[in-house]
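Asks: Those protein sequences? They're chains A and B, same order as listed.
To convert, note that position 323 of the first sequence is 323 in the numbering used here; the numbers rise steadily by one, no gaps.
To convert, note that position 22 of the second sequence is 22 in the numbering used here; the numbers rise steadily by one, no gaps.
The hints are simulated quantities; they were obtained by calculation from the structure and are not laboratory data.
Just so you know, these numbers come straight off a predicted model, no measurement behind them.
Where hints are given, some of them may not hold.
[As the list claims (entries may be wrong)] Heads up, simulated SDA-like pairs for lysine to any residue below, C-alpha to C-alpha not over 25 angstroms straight-line:
(1) B:Lys57 <-> A:Leu260
(2) A:Lys561 <-> A:Gly532
(3) B:Lys143 <-> A:Asp450
Below are the chains, spelled out letter by letter.
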Amino acid sequence: MPHVDLTIEICGMSGDGTIAAGALLNGALSRAGFSLMAFDSYPAEIRGFGRCVTRTRVGVEEMVALTSETHVLISLDDEQSLSRIPFLARSATVFFDNRPPSYVPEGQSIAAHVEPHITLLGIPFGNLAAEATGTTRGRNLTALGAFAGAFDLPSEPFHEVIRKKFDPKGEKVAQANIKSFDAGVQYAREKLDPSIRGILSLPQKTMEKDDRELLSGNMAIARGALDAGLKLYFGYPITPATPIMEYLAKVLPERGGRLLQMEDEISSIGAVLGSFYAGSRAMTATSGPGLSLMTELITHGVMAEIPAVIIDAQRGGPATGLPTKSEQSDLHAAVFGGPGDSARIVIAPTNVSECYEYTVKSFQLAEKYQTPVIVLTDFFLDNRVENVSMPHAAPEEISDGNVYPDPALKGHYRRFERTESGISPRSIPGMEGFIFTTTGLEHTEKGIPDYAPQNHMQMSEKRHRKITGALAELPVPKEFSQKESLDVGVIAWGSTFGSALEAVRKAEKKGIRAGALKITSIFPYHADSIRGFMERCGEILIPELNYEGQLANLIGHLFGKEVTRLNRVTGEPFPASIILKKIESLVT
Amino acid sequence: MKTSGRILAEKVSKIKNSDVFSIRSHNLPTWCPGCGYFGIHQGLNNAIQRLELPHHKTVTVSGIGCAGRYPFFANTYGLHTVHGRALPVATGVKLANPDLTVFAVGGDGDGLGIGGGHIPHIARRDIDVTYLLFDNSIYGLTKGQPSPSSPTGFKTKASPYGTTEAPLNATLMALSYGATFVARLFAGDPDAITDAIVEGIQHKGFSFFHIYSTCVTFDKQFKTWDHLHEWVHPLSDEHDPTNLKQAMNEALEDHFSLGILYRRQKE
Chain A
1 MPHVDLTIEI CGMSGDGTIA AGALLNGALS RAGFSLMAFD SYPAEIRGFG RCVTRTRVGV
61 EEMVALTSET HVLISLDDEQ SLSRIPFLAR SATVFFDNRP PSYVPEGQSI AAHVEPHITL
121 LGIPFGNLAA EATGTTRGRN LTALGAFAGA FDLPSEPFHE VIRKKFDPKG EKVAQANIKS
181 FDAGVQYARE KLDPSIRGIL SLPQKTMEKD DRELLSGNMA IARGALDAGL KLYFGYPITP
241 ATPIMEYLAK VLPERGGRLL QMEDEISSIG AVLGSFYAGS RAMTATSGPG LSLMTELITH
301 GVMAEIPAVI IDAQRGGPAT GLPTKSEQSD LHAAVFGGPG DSARIVIAPT NVSECYEYTV
361 KSFQLAEKYQ TPVIVLTDFF LDNRVENVSM PHAAPEEISD GNVYPDPALK GHYRRFERTE
421 SGISPRSIPG MEGFIFTTTG LEHTEKGIPD YAPQNHMQMS EKRHRKITGA LAELPVPKEF
481 SQKESLDVGV IAWGSTFGSA LEAVRKAEKK GIRAGALKIT SIFPYHADSI RGFMERCGEI
541 LIPELNYEGQ LANLIGHLFG KEVTRLNRVT GEPFPASIIL KKIESLVT
Chain B
1 MKTSGRILAE KVSKIKNSDV FSIRSHNLPT WCPGCGYFGI HQGLNNAIQR LELPHHKTVT
61 VSGIGCAGRY PFFANTYGLH TVHGRALPVA TGVKLANPDL TVFAVGGDGD GLGIGGGHIP
121 HIARRDIDVT YLLFDNSIYG LTKGQPSPSS PTGFKTKASP YGTTEAPLNA TLMALSYGAT
181 FVARLFAGDP DAITDAIVEG IQHKGFSFFH IYSTCVTFDK QFKTWDHLHE WVHPLSDEHD
241 PTNLKQAMNE ALEDHFSLGI LYRRQKE
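Same shape as in the complex, but just chain B (with noise of 0.2 angstroms):
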């Protein structure tokens, strides 16, 4: 009869084995149990998988934030760089070798705050980067400071009378820069992360993913998972992705439909 730590010995071996770490990286996550990011993360490695992309071939660049740690826990070339930088870096690398598949990540922190003025350049030169914005409209790694994205009235220990200032509509934004493809999505549902991430892969130009997630910690009164389960929904059906009047209507009235809002393959 195997003893209980030997069966332990070979799960772990099981899983070293197998695929999982082709996949992941050897770094497990540092985000807190509960995080919304984890469903990101898988969707986004199912969807390197799909593809079967080579992983030494795949650079995955970051800013600062939870999101920033992600390049850690990827088994793709990685960048980490400093905040709000992702989006210029990316576009480094990705001119600099064509060949490689180039993914931005980072949080509404670091993309909407500090970073923001970026988003619209590489917009509008459509650099070939695939650019995931982790939105849980706090900053998490500095304990819970209110974000572009928070609500007015948001109180944190930064905020604690709430916040004065309206909040930024990321999804508007990237249509308005000329973003190429722009797509909203929700951390809780890895399996439409994944389905449109292949498409974003696939597009030849800038792809923009504004992924509404939660920060388990520090948020227990906004972007909460019973929340977010609560007002998500898919696009209506009659959706057209090519019209971008449309998409920036959809973006202007409705925060929280979900889906593929605008694409368009500049010649």
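Only chain A is shown next, with the shape it has when bound in the complex (with noise of 0.2 angstroms):
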């Protein structure tokens, strides 16, 4: 199989069809066999007309991260297409319909101002469609169709996801669609020029079945979920982590468990505490503002040691912020959030099948160690989509991760008994001679309010031999080099470590000495190992999507002299083009 790497670009006005067109080019693209990962921008507002963009990266390699290089363009409005000209690649396609729907004022059409060295393919998508099917409804298809006919490849995956989208609409529908999508892969056939087509081929992959499925990490944190055990749902609508409660609100009943849209933030954490603490697994998924507002019960389930799993899908901050863009600025109000002492479990998962696999564990870590578990995403993460190869979680992860007091106890059961590891047995309400009450007030092991100086040193001390135990079963930093000494090392969390990868990946290609680190477990960390790494570094550069440098902020102080730090808030995911740069900097 031949190397392919190819951006697809698909931009129009609301309206267009442009998003629609963007998942079915992905569920087709996918179901040939190729690998991808998309994602898509289009206005916040809920009645904002403006730009949509989706962009699909595909390749036969599994994706890490996408490129800021456009390949294929496909306008469906040429006025809002002439902003992406700046990212196309030297030797990309713009397809554009020339005879638009409406009216394009003068000098508007994409063809007037785009490089000599831009292929343009002129197709009148609109026309096509209305030829067909009677209606130009079909065009964003048509433009599909063209794209697909000039690139060769095969009609049936497109014509199943069609099909599978639109069946459900009834037959008429599905037929006008899937016409539409033939009269552009015919036009492109018989109307373009073959050695054009020569050159935009793409190989032809076997039709084998292909067991990945496209999903977003929102979708992936959601089915992990359901594996592992979730019985109640408690959650309050906020970009970008909505979906999932979406999704639960259509599952979860029909596998016997419950979602309630709470008031607040305030009382989703409460609920999801109340459950776990009566021996139910529940879950909330939120962003930056309702975090803020969970920190309270947050702290409050670290010094009761009750468990929780909170999803974090980081926006842009703070306060309100930027809702629909991507940002990594929660870390600290993950790790320090709240008042006093009150260390619990952060984790972030870098790809989609992490986000399944991480959310998962969660619940495991949370009912083991008794506590709170957030799990740290981004918008780029959770929207993004991946054809991944579903992990299903085996019996060992979704089995009840309590740890119960021992029945001889009957009568003496000392709740928060400091024990070496720091994990006291838990009972749960209807145990019968295991009655404790639990309180954010400092207690007792018996779990009765005391505020003598040596108690809260003790049981301070206990609270975080438990957390700092948990270490063992964090997963710990991956790394990704070929040499063992590094000129420069890349340490990155959450979405940006696939930018860092591919930046370390070219640069290894240039014959620089680079290499990755993967850290996913934000809290505890591993200091050793990253330690470890940080040594056979000469610099060592963070590459985070926020101002202050919040991983660097951590795990800095590890390394034996300043780390480098790179930092963007523009809202889109790190493009490894910059990262990559940065490295030539450290080298030269």
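Both chains are given apart, each in its own frame, so use the hints to dock them into the complex.
Replies: Next comes the structure, spelled out in structure tokens:
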């Protein structure tokens, strides 16, 4: 299989069917056996009238990041697409409607603006759709068909995804959409210069059934929670976490669970704590503003040693911030937020399959260590789509993680016993002879409020010993490097890690001794292995989607000298090209 | 002849071996002598005993405040949570295991001030939780500041010139929120509390108990025992607890009539 690495963009105005066309493209390419990563951007406001762009990076190897260059642009609205021209690669191809349905002001056709080395394919999307179906409504599919025809892609996977989407709306609708698509394919095959087709061809993948699924980070989290035995979900709508709630609202009742949309985030985490206390797995998902409201009860979970699972889908901040933009600026809040010494577990997946895996793990960790666990994601990771082979949680990962009291202790039960591990056996309401009261006040081993100096020292130590001990079960940092000693080591977390890995691979190709370290356990963190990696690096670079360098603040002290910070708050995923540039500047 | 010490020891041992501590916790209440909350404590304990609820299948959830300390003094599973959040936590407990009998307790500051936003939602969801709002119209644990149910002009160290705000009417609020069981009671009448709570526990759905109490330490002007005894009186025999409009009218017109104002079993 020859190397393929293409980024395809569809750009249009709201109402053009841009996002729908992008989703169909992703579905078909996935069915055809390609690897892909896709990410859409569209107006945040409900009635917003604005630019919609879908980006799909497609190839044969696993995709770890998006690229900033576009190889194929499908323009459904030239006026909107003008803004995409600067991102076109030198060899890019642009599909545009040369007979657009509405009046295009003079000079607004994209044809008048692109550089001469760009291949321009003017195709009357609207007219072709109208000829095939009597209406221009399917012109987004005609555009998709023209792309598929020009790239010699088989039509079957497209037909399959079109049917899947439109069959529920009736045979007529499905047929019309297939006809619109086919009109584009036919036009491309008959009318386009065959020499162009040769240049553009994607290699034919065999049509073997691919077990991979197209999944966003948010959907992977929801699926992970269900597989982990989620019984109750409590949440409050907030971008970008809402899709988790919407998915579970449909599926959880089918599995005997229940979902309540609560009055705020405080009550959401409150109900999650109540549920775990009474022995049922529960979860809430939120974003920065909601996390800040939850902090008091999260520290209550720490003090009273009650499990909880909290997904924080980060967005731009502070305050209401940038609801539909990507940022990694809740790390401080997740790790340190709240009153007192309130250590809790914070983990951060870097890709869609880790979103699943770590959500499953968070339930086990929360129960075993009797603590809130925060899973940090970000807007890009939540909303991007990857085709992944869905892992399935092993029985030991989903089994009951609780440590129960010894029945012999009936009547002499100390709920907060200071054990060697710090983990005190936990009884659940309904267990006879093990009644206790849990409190957010400092308390004795029996749970009775007690502010004696020595007691607070000992109980603080116990709670922290427990969290430190959890490190043994937390995912270890993973190194990606070819050399033993490195000129530049890049350490990254969350969705930025993919960009860092992409940059490191490119740097290696340029002969730079660079390596990447993926950190998914944010707190507690594996200081020894991070330090071990750092010691083999001349420079340490920590790129993050935040202004303050929040991971660098947390782990930077492990390096013998200052780490190099690379911070961006543009609201976009971290471009690998910028990390690469920084790596290059560090070695020259 | 037995020494008085031995008599005392025998008495203590007799009490300890009696079923008193199967009802109460071994932790004795930290409330001030004369506090109205003792009456509520007794009323609730007797209700648990009358219904023979297994203690290990009973959970008491509270927020913060003098009333918030309640779970330590009850021989049930207890959740002493943060200020104002007893109701959402109780919601989680009840949904997680519907076999449990769940009480939520808290004061007027906890329930009407910081946690005031949660009552309407547990009411409209009709979660099967028995909520006891101990209303003494003052913040006692922080040593006497005005609460959302303090009367206008209430003087405390935090309101030396008298408050300017109007008080909330918790009973009327619960009725308008759609609570399916609303009772108004008085800490000075534990037996009436027991009778009403027994019905509240048996009610399938949210039951709200607005219980007038007193703070003997920080309130010498408003809800004193003397005043409360003078003000409270039973609901008229003609009161129809299935009639919401009548209940709301009662709550609006008469702040001190006691009994079950409203009950409706949801389908």
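Asks: Each of the hints needs a verdict: does it hold here or not?
Replies: Hint by hint, here is what the structure shows:
no. : hint                  : result
1   : B:Lys57 <-> A:Leu260  : holds, 24 angstroms
2   : A:Lys561 <-> A:Gly532 : holds, 14 angstroms
3   : B:Lys143 <-> A:Asp450 : holds, 20 angstroms
Every hint, counting from the list given before, is met by this structure.
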